[in-house]
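**Student:** Residues in the sequence shown are numbered from 1 upward in steps of one, following my numbering.
The set of hints was computed from the structure by calculation and includes no laboratory data. Do not rely on the hints blindly, as some may be mistaken.
With a straight-line Cα cutoff of 30 Å, these simulated DSSO-like cross-link-like pairs (lysine-lysine) come out [stated by the list, open to error]:
(1) K32 x K80
(2) K32 x K90
(3) K90 x K80
With beta-carbon atoms standing in for the labels, derived distance ranges [as the list claims (entries may be wrong)]:
(4) Y35 x R68: 34 to 42 Å
(5) P58 x V23: 22 to 30 Å
(6) V65 x G19: 34 to 42 Å
C-beta: ideal position from N, C-alpha, C; glycine also.
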Amino acid sequence: MMTPAALVFVVCRALADQGPLDVNGFPIDGVKLDYGTCRNEVVQIYDRTEGLSTPQNPDLSHPNVCSRMSMMETANWENKHPGWFVRRVKCPRPDGTFPGDLDV
Numbered sequence: 001m002m003t004p005a006a007l008v009f010v011v012c013r014a015l016a017d018q019g020p021l022d023v024n025g026f027p028i029d030g031v032k033l034d035y036g037t038c039r040n041e042v043v044q045i046y047d048r049t050e051g052l053s054t055p056q057n058p059d060l061s062h063p064n065v066c067s068r069m070s071m072m073e074t075a076n077w078e079n080k081h082p083g084w085f086v087r088r089v090k091c092p093r094p095d096g097t098f099p100g101d102l103d104v
């Protein structure tokens, strides 16, 4: 049986009006999200060393593995999707399904 190889990011757009900014140009109270735009985004995890070394099959249903992969993939996803931010990450169950598949 293959281990789960995807995460679900709950992503939302940033509000246009972020309020006062600090000296670096970032919102003082953090980025404010437009919760009406939130959606589930499936993020497939690929082995970037495939064919170069022994295949790696991380078990994303394990909380430690899921949290580490989430931290690594969040910045990549946000860089590729300007104006969108990851609000939450859903880790898969061992059978590959996700908790709360229907809600955001």
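**Student:** Compare the structure with each hint and give your call.
**Tutor:** Against the structure, the hints come out as follows:
Under the criterion of a C-alpha separation no larger than 30 Å, the hint pairing K32 with K80 is consistent with the structure, at around 19 Å. With a C-alpha separation of about 21 Å, the suggested pairing of K32 with K90 holds against the 30 Å cut-off. Taking the CA atoms of K90 and K80, the gap is near 20 Å; set against the 30 Å cutoff, the hint holds. Between Y35 and R68, the C-beta spacing of about 27 Å breaks the proposed range 34 to 42 Å.
Checked against the given bound of 22 to 30 Å, the beta carbons of P58 and V23, roughly 40 Å apart, lie outside it. The hinted window of 34 to 42 Å between V65 and G19 holds, with their beta carbons roughly 37 Å apart.
Hint violations for this structure: numbers 4, 5, all remaining hints satisfied.
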